[in-house]
Amino acid sequence: MKYKVEWVINGEVAVEADSKEQAEQLVEQLLVGTLTDADRWPADLGAQGIQGAATALEGELVA
Numbered sequence: 001m002k003y004k005v006e007w008v009i010n011g012e013v014a015v016e017a018d019s020k021e022q023a024e025q026l027v028e029q030l031l032v033g034t035l036t037d038a039d040r041w042p043a044d045l046g047a048q049g050i051q052g053a054a055t056a057l058e059g060e061l062v063a
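Position 35, counted from 1, in the sequence shown is what this note's numbering calls 35; the numbers after and before it change by one each time, with no gaps.
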């Protein structure tokens with residue numbers, strides 16, 4: 001019998017950037033670069049995408 005297993009990559013990282021968009025792009029590039037170099041695990045586990053959103057850290061100024 002086959003079962004569908006849904007999973008999520010969940011994490012948090014602080015990154016220096018000039019904007020929210022740049023922060024998201026930097027982390028996305030890091031994640032995609034790391035994951036695509038692995039031995040086919042994204043395809044083997046049915047990964048369809050990685051999604052994230054940046055939020056200013058407490059006490060940081062938002063432009």
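The set of hints was computed from the structure by calculation and includes no laboratory data.
Wrong hints could be hidden among the right ones.
With a straight-line Cα cutoff of 20 Å, these simulated SDA-like cross-link-like pairs (lysine to any residue) come out [what the hints assert, rightly or not]:
#1 2 to 50
#2 20 to 50
#3 20 to 54
#4 20 to 1
#5 4 to 49
#6 20 to 30
These numbers were taken from a predicted model, which means no experiment stands behind them.
Pairwise hint evaluation, residue 50 against residue 20, where the allowed Cα distance is 20 Å at most: holds, 17 Å
Proposed proximity, residue 49 with residue 4 (alpha carbon, max 20 Å): holds, 17 Å
Proposed proximity, residue 30 with residue 20 (alpha carbon, max 20 Å): holds, 16 Å
Residue 20 paired with residue 54 [C-alpha distance capped at 20 Å]: holds, 6 Å
Given pair status - residue 1, residue 20, alpha carbons within 20 Å: violated, 44 Å
Pair hint outcome, residue 2 versus residue 50 [Cα-Cα no greater than 20 Å]: violated, 24 Å
In summary, the structure is inconsistent with hints 1, 4 from the numbered list given earlier, while agreeing with the others.
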